[in-house]
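What follows is the residue order along each chain.
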Amino acid sequence: MTVIAIASARKYQRLETLVVAVLAACVVAFAVTWAFTRSQQIGPPPLLDWQVSSLADLGEDDQAIHSALIVAGEEIGYLNYDFGDWPKTDELDALLMPPFYKDEFWKLHGAVKWDLIRAADYNHGGDTGYLGAGGALPGQSAFLLLFRHRHVGAAYANQIDIWIHRNVNANAPADTKAESLVSAGWRQVVAYSGADELARLKGKQE
Amino acid sequence: MSIRITALSLRAAVLGLALALTWFSPAVAQSKLRVGVTLHPYYSFVANIVGDKAEIVSVIPGEVNPHGYEPGAEDIKRAMTLDALVVNGIGHDEFIFKIIEASGRKDNLPLIYANASVALIPIGGDRGGARIVNPHTFISTTAAIQQVYEIARRLGEIDPKNATLYRNNGRDYATRIRRLRADFMQRIAVHAKDDFRVATMHAGYDYLFQEFGLRVSAVIEPRHGVSPTARQLAQTSEDIRAAKVTVLFAEQYFGGNLAETVQRETGVRVYTLSHITDGPFTASKFEDEMRENIQTLARALEGQ
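As given, the protein sequences belong to chains L and H, one line each in that order. Residues in the first sequence are numbered consecutively from 1, following the numbering used here. Residues in the second sequence are numbered consecutively from 1001, following the numbering used here.
Simulated from the structure, these hints should not be mistaken for laboratory data. All C-beta atoms in this analysis are idealised placements derived from N, C-alpha and C, irrespective of residue type, glycine included. The hints are all genuine.
Simulated restraints on C-beta separations: (1) L:K88 <-> H:G1062: 41 to 49 Å; (2) H:F1097 <-> L:G126: 40 to 48 Å; (3) H:E1101 <-> L:E60: 34 to 42 Å.
Generate the whole structure from the sequences, applying the supplied hints.
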């Protein structure tokens, strides 16, 4: 029978403990790094200083107008694609399209006055903008629906941009570049979409 | 202006007639795109977008409640045959992900998330000030239109040769949905009803009410499938009295006698709305049941 000296055993035990401790530290470090990296991928990116969330930051009236404006934006893009020009706000009213349609929804949400403030030229591009201002409700914002430039013959897809101004009587901006809008007090509304919720629930899709 | 509006109306009429004819035609050939759906509104949306260019397959039976549904073998077999699948994905059809997994289609079945581009809103009347996302985007008009556009766009990517048809059909269907809403808004002077305060049995109608300018003062069952305790119910009745709620909207397909209890306790008038998640899957179901919901809203506002 071999007898191992106590001093030698202690030496091996210390070495073994050290190895196990290093391995455990590596596992913990890996797990923390993995969890941190993964947490970065879930949910929408954080808002920038000049952005507001449609879900978290808008009041009920602003939220209702924003929800309607997103769909209207898509439809206006289709109308432009089909007919080549930009529909005027009285045409959108006649097409029953909220928030331009002057119905009970429109009255309940402050009877906002909408104007087509700039229309991109089909050949030379540029931005198109609809301004909604003069709403009658306390705390209500002014809205700006922008269609960023697109290439001739292409349909609008994700060039629709919605901004709000805390001054409900804000004037039409002289320039629709993002920097100019921010310096004039406009804030870009970031919609909390189904895609964002899906990313939060299940991780990024596709 | 009038030319554009007339052109849109004319095209809607012609395509509407064409769609109506296709619904009565024999079953479509197997070679056509097979598009699966999880919920009844998505069946209607897809049917009106694709016409006779695709076959629509409801993955689960029409009579079951999608809340907490447990998939069966037939559901899995159906999922194996699909070319694309339209889902809610944000809390209303969680069963489908088990079906996809079990059918071995997790990596090769294109999913169309109907809500991908919908701006979500919080559950109304939720306690504690927290803004919790409401997944009932399909009980709506404007948000429904956004889903129709999203589905049409994605189907067009999957089936490019019919992309233009899907887009145009989607727009014509959207026009009909918008007309439903406009008919109500022309009939009812909501703004004159300052004393009209609403509670709902279930947080399913926030999109619909937002689009019609109504506000929810209280929700009795603020989470899916979670019945309130006796204490919560007593508190809700107290809240309803305090908020001077005059009308309670109950759920058509949800059992129990909660609505009657609240009516007895508080004296509010009770009306029933459709959740559009029960019965046969049909192309007209969404419009039919939304029309009923809108008529119910009108009766509630008129105090009938």
